[in-house]
Amino acid sequence: SLSFKMERKTIDLDQGWDYMQTGITKLKRILEGLPEPQFDSEQYMMLYTTIYNMCTQKPPHDYSQQLYDKYREAFEEYIHSTVLPALREKHDEYMLRELVKRWSNHKVMVRWLSRFFYYLDRYFIARRSLPPLNEVGLTCFRDLVYNELHSKVKDAVIALVDKEREGEQIDRALLKNVLDIYVEIGMGQMERYEEDFESFMLLDSASYYSRKASSWIQEDSCPDYMLKSEECLKKERERVAHYLHSSSEPKLVEKVQHELLVVYANQLLEKEHSGCRALLRDDKVDDLSRMYRLYHKIVKGLEPVANIFKQHVTAEGNALVQQAEDTATNHAANTASVQEQVLIRKVIELHDKYMVYVVECFQNHTLFHKALKEAFEIFCNKTVAGSSSAELLATFCDNILKKGGSEKLSDEAIEDTLEKVVKLLAYISDKDLFAEFYRKKLARRLLFDRSANDDHERSILTKLKQQCGGQFTSKMEGMVTDLTLARENQNSFEEYLGNNPAANPGIDLTVTVLTTGFWPSYKSFDINLPAEMVKCVEVFKGFYETKTKHRKLTWIYSLGTCHLNGKFDTKPIELVVSTYQAAVLLLFNTTDKLSYTDILTQLNLSHEDLVRLLHSLSCARYKILLKEPSTKTVSQSDSFEFNSKFTDRMRRIKIPLPPVDERKKVVEDVDKDRRYAIDAAIVRIMKSRKVLGHQQLVSECVEQLSRMFKPDIKAIKKRMEDLITRDYLERDKENPNMFRYLA
Amino acid sequence: MRETVKLISMEGFEFVIDREAAMVSQTIRSMLTSPGGFSESKEGVVTFPDISTTILEKICQYFYWSLQYSRGKETEFHIEPELTLELMMAANYLHT
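Protein chains in written order, with UniProt numbering: chain A, 1 to 743; chain B, 1 to 96.
Keep in mind that the hints were calculated from the coordinates and are not lab data.
Watch out, some of these pointers could steer you wrong.
Negatives, chain B to chain A, calculated, CB over 12 angstroms [claimed, not checked]:
{"#": "1", "residue": "A21"}
{"#": "2", "residue": "F48"}
{"#": "3", "residue": "C60"}
{"#": "4", "residue": "S70"}
{"#": "5", "residue": "E74"}
{"#": "6", "residue": "F77"}
{"#": "7", "residue": "P81"}
According to the in silico footprint, chain B covers these stretches of chain A (three or more CB under 8 angstroms from chain B) [stated by the list, open to error]:
{"#": "8", "stretch": "220 to 228"}
{"#": "9", "stretch": "244 to 257"}
Pairs of lysine to any residue residues, derived as SDA-like cross-links and limited to a Cα-Cα distance of at most 20 angstroms, are as follows [to be verified]:
{"#": "10", "chain 1": "A", "residue 1": "K690", "chain 2": "A", "residue 2": "S635"}
{"#": "11", "chain 1": "A", "residue 1": "K547", "chain 2": "A", "residue 2": "K475"}
{"#": "12", "chain 1": "A", "residue 1": "K228", "chain 2": "A", "residue 2": "V253"}
{"#": "13", "chain 1": "A", "residue 1": "K571", "chain 2": "A", "residue 2": "S492"}
{"#": "14", "chain 1": "A", "residue 1": "K9", "chain 2": "B", "residue 2": "G12"}
{"#": "15", "chain 1": "B", "residue 1": "K6", "chain 2": "A", "residue 2": "E730"}
{"#": "16", "chain 1": "B", "residue 1": "K6", "chain 2": "A", "residue 2": "K593"}
{"#": "17", "chain 1": "A", "residue 1": "K465", "chain 2": "A", "residue 2": "K475"}
{"#": "18", "chain 1": "B", "residue 1": "K6", "chain 2": "A", "residue 2": "S635"}
{"#": "19", "chain 1": "A", "residue 1": "K672", "chain 2": "A", "residue 2": "K710"}
{"#": "20", "chain 1": "A", "residue 1": "K58", "chain 2": "B", "residue 2": "M88"}
{"#": "21", "chain 1": "A", "residue 1": "K101", "chain 2": "A", "residue 2": "E32"}
{"#": "22", "chain 1": "A", "residue 1": "K9", "chain 2": "B", "residue 2": "E11"}
{"#": "23", "chain 1": "A", "residue 1": "K552", "chain 2": "A", "residue 2": "T515"}
{"#": "24", "chain 1": "A", "residue 1": "K9", "chain 2": "B", "residue 2": "E86"}
{"#": "25", "chain 1": "A", "residue 1": "K654", "chain 2": "A", "residue 2": "S635"}
{"#": "26", "chain 1": "A", "residue 1": "K541", "chain 2": "A", "residue 2": "A531"}
{"#": "27", "chain 1": "A", "residue 1": "K310", "chain 2": "A", "residue 2": "R290"}
{"#": "28", "chain 1": "A", "residue 1": "K9", "chain 2": "B", "residue 2": "F48"}
{"#": "29", "chain 1": "A", "residue 1": "K9", "chain 2": "B", "residue 2": "T53"}
{"#": "30", "chain 1": "A", "residue 1": "K58", "chain 2": "B", "residue 2": "E86"}
{"#": "31", "chain 1": "A", "residue 1": "K593", "chain 2": "A", "residue 2": "S635"}
{"#": "32", "chain 1": "A", "residue 1": "K535", "chain 2": "A", "residue 2": "L559"}
For each residue, glycine too, the CB sits at the ideal point set by N, CA and C.
With the hints as constraints, model all of the structure from the sequences given.
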């Protein structure tokens with residue numbers, strides 16, 4: 001066959017272009033919808049070949065540049081002659097439809113022509129660094145059609161969007177197609193969409209919702225307003241999904257949120273009868289959940305809600321405290337203490353109730369946990385009828401744990417309550433005060449066998465340990481252990497007695513040895529014991545020295561119990577009394593009648609103690625002694641006689657001593673311990689910092705001690721002065737506000 | 001859609017080959033995948049007034065060889081030296 005090149009005739013530019021023009025015309029007719037058959041493969045190849053030949057001819061017949069230009073001009077011509085006029089004569093929705101049609105046609109035209117002219121894309125454009133054919137085609141439309149119309153189009157689209165917002169049906173597919181043009185015309189960048197459409201749409205949306213909000217906020221209740229807002233946000237998201245570009249979603253949502261929820265946040269939340277406060281009051285859980293959902297996505301949106309929540313809980317708590325306080329002032333002491341216990345229960349219930357709110361309505365958000373905590377910290381530290389919350393809580397525990405306290409409750413219920421009590425402790429700032437009251441009451445339960453259930457006792461200690469650390473419960477645990485050891489010890493004692501008949505106390509004796517450090521401190525007077533008891537003490541001392549020579553025994557007679565056989569006329573009755581009471585009664589074994597002074601001298605007790613004792617034996621329920629005169633109270637001029645005529649239907653009776661008010665002592669003890677704790681904290685801080693300013697030292701001190709109590713600033717200052725006199729610290733000579741550690 | 005295309009050389013020789021083979025040529029592929037499609041009778045018939053029969057034959061062979069090669073059958077495609085230049089130009093035209 002002959003050479004490829006020689007067969008080819010040179011095509012002249014005009015000639016070649018005329019041929020191309022027929023193809024372009026055919027294409028235009030197809031696009032216009034005129035009756036025109038489709039291209040067939042022969043025609044296609046002919047058009048391609050024509051371009052190919054004109055580009056591969058030898059110069060000066062290499063027409064690449066000219067063809068490149070004519071390619072562009074073909075679009076320009078078509079746009080000017082046909083496309084633009086068609087668009088200019090239409091408006092609004094009709095214009096939008098026309099635009100979509102023309103854009104679609106244009107893309108088809110670009111696709112066809114760029115295939116015919118394809119050879120230019122292979123080498124020519126690269127060699128001259130020119131835009132490829134596809135881009136040239138799209139740029140024509142952008143520069144001639146888009147640039148002229150985008151603003152009008154944007155207006156028409158926004159008008160339809162607002163129409164839809166007002167509830168009318170619109171052609172969503174049309175809008176999607178129009179907005180796709182903005183995106184596509186950006187040719188890879190979102191700038192056209194963002195600047196020529198989105199920014200205006202956002203402004204319009206903001207102003208639309210601003211108008212709506214300003215009238216709704218006046219007319220609607222808070223729940224209704226929120227419902228509307230939620231609905232609007234939902235609809236706007238749908239709008240994005242249906243025809244806006246996805247990148248518009250966060251921006252649009254932000255605008256809507258701003259106009260509906262941020263601008264009017266205060267008015268909405270503070271609405272008098274339906275706002276946040278009212279919803280909390282009326283337990284409107286659904287509405288509050290909605291409020292959370294709406295404000296959760298807004299920066300700092302939840303803060304005012306959390307604040308109102310905190311105020312509400314605080315108010316409820318304060319009301320409970322006030323109720324208890326009022327009851328206490330209006331009623332007798334008995335009802336008052338019952339009311340105080342009721343208060344603790346109610347506070348627990350309040351906590352349970354609002355914790356559910358925090359978890360469910362407010363999705364466990366930290367802001368609300370914090371609000372709840374702060375609210376409880378406010379009212380849980382209030383005093384009720386002279387009792388601190390620490391004391392109330394300790395008494396509450398005592399009531400649950402003592403015999404006859406909560407036997408009606410199931411084990412589970414008790415465990416549950418103890419758990420909740422420990423949780424409440426977290427809110428109380430004077431935890432050390434609680435510990436001391438608790439310890440005192442625990443001691444009484446243990447020593448007088450008044451504990452209902454050993455497991456519960458251990459269980460609460462475990463919980464307290466978990467919450468407050470080992471140091472908090474170490475003494476209490478020691479107390480419980482002591483009792484176990486004491487039992488073993490008693491067994492050894494009885495064995496000893498068995499082996500040493502000479503060491504016979506003469507009465508049944510049980511001794512409980514306590515480790516001093518663990519137990520609360522008890523006063524113990526040097527009462528003159530009756531001879532029988534003196535012997536017991538000596539016998540036990542003898543035994544104890546066989547076990548250890550390094551420990552000193554101190555006897556706390558005030559805690560002892562005695563069983564006396566009262567030989568009354570009618571029948572003998574066993575009397576269960578305290579050691580002190582026994583000492584008083586035994587005096588009457590030798591003498592029938594004794595004056596107050598006699599007893600005082602013989603026993604060597606204080607007036608306070610003696611009056612208490614004699615009252616319990618002569619003026620209370622069981623009159624073992626007859627008092628002369630038989631007035632209701634004991635005075636120092638009274639005299640006493642054994643009441644042989646006494647009787648009771650029981651064979652054994654317990655004669656209780658009214659409990660001494662331990663509160664004062666507890667507070668004193670705790671204050672003392674606090675002084676030591678503050679001293680230790682100051683020294684610790686100064687040792688590590690060496691030099692520190694006054695303010696800083698105080699604040700660090702407060703922080704270190706906060707786990708156990710809230711230290712009084714004055715107390716800290718006082719301790720600092722004390723430490724200075726004791727040469728632990730000194731003031732800086734130049735700056736009296738600076739302190740230095742003295743090694 | 002037809003499974004074959006007909007390629008006609010300048011001398012009028014008709015080569016009926018598989019569509020898949022013909023699409024090894026980007027030019028032919030573009031044409032066959034154009035929007036709109038073609039009428040049944042005229043579809044896939046292309047005349048190459050500038051390509052001789054020998055060259056067109058070689059090209060068709062090349063199409064098949066290329067398919068096989070891409071499927072793993074790595075053989076050599078032999079080109080008679082005297083055909084090289086024309087073949088290259090045809091290949092350029094067909095974007096193969």
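Going down the list of hints, with the structure as the test:
no. : hint               : result
1   : A21                : holds (16 angstroms)
2   : F48                : violated (8 angstroms)
3   : C60                : holds (15 angstroms)
4   : S70                : holds (22 angstroms)
5   : E74                : holds (28 angstroms)
6   : F77                : holds (20 angstroms)
7   : P81                : holds (15 angstroms)
8   : 220 to 228         : violated (count 0)
9   : 244 to 257         : violated (count 0)
10  : A:K690 with A:S635 : violated (61 angstroms)
11  : A:K547 with A:K475 : violated (24 angstroms)
12  : A:K228 with A:V253 : holds (14 angstroms)
13  : A:K571 with A:S492 : violated (36 angstroms)
14  : A:K9 with B:G12    : holds (19 angstroms)
15  : B:K6 with A:E730   : violated (109 angstroms)
16  : B:K6 with A:K593   : violated (144 angstroms)
17  : A:K465 with A:K475 : holds (11 angstroms)
18  : B:K6 with A:S635   : violated (136 angstroms)
19  : A:K672 with A:K710 : holds (14 angstroms)
20  : A:K58 with B:M88   : holds (17 angstroms)
21  : A:K101 with A:E32  : holds (10 angstroms)
22  : A:K9 with B:E11    : holds (17 angstroms)
23  : A:K552 with A:T515 : holds (11 angstroms)
24  : A:K9 with B:E86    : holds (16 angstroms)
25  : A:K654 with A:S635 : violated (24 angstroms)
26  : A:K541 with A:A531 : holds (15 angstroms)
27  : A:K310 with A:R290 : holds (18 angstroms)
28  : A:K9 with B:F48    : holds (14 angstroms)
29  : A:K9 with B:T53    : holds (19 angstroms)
30  : A:K58 with B:E86   : holds (16 angstroms)
31  : A:K593 with A:S635 : holds (16 angstroms)
32  : A:K535 with A:L559 : holds (18 angstroms)
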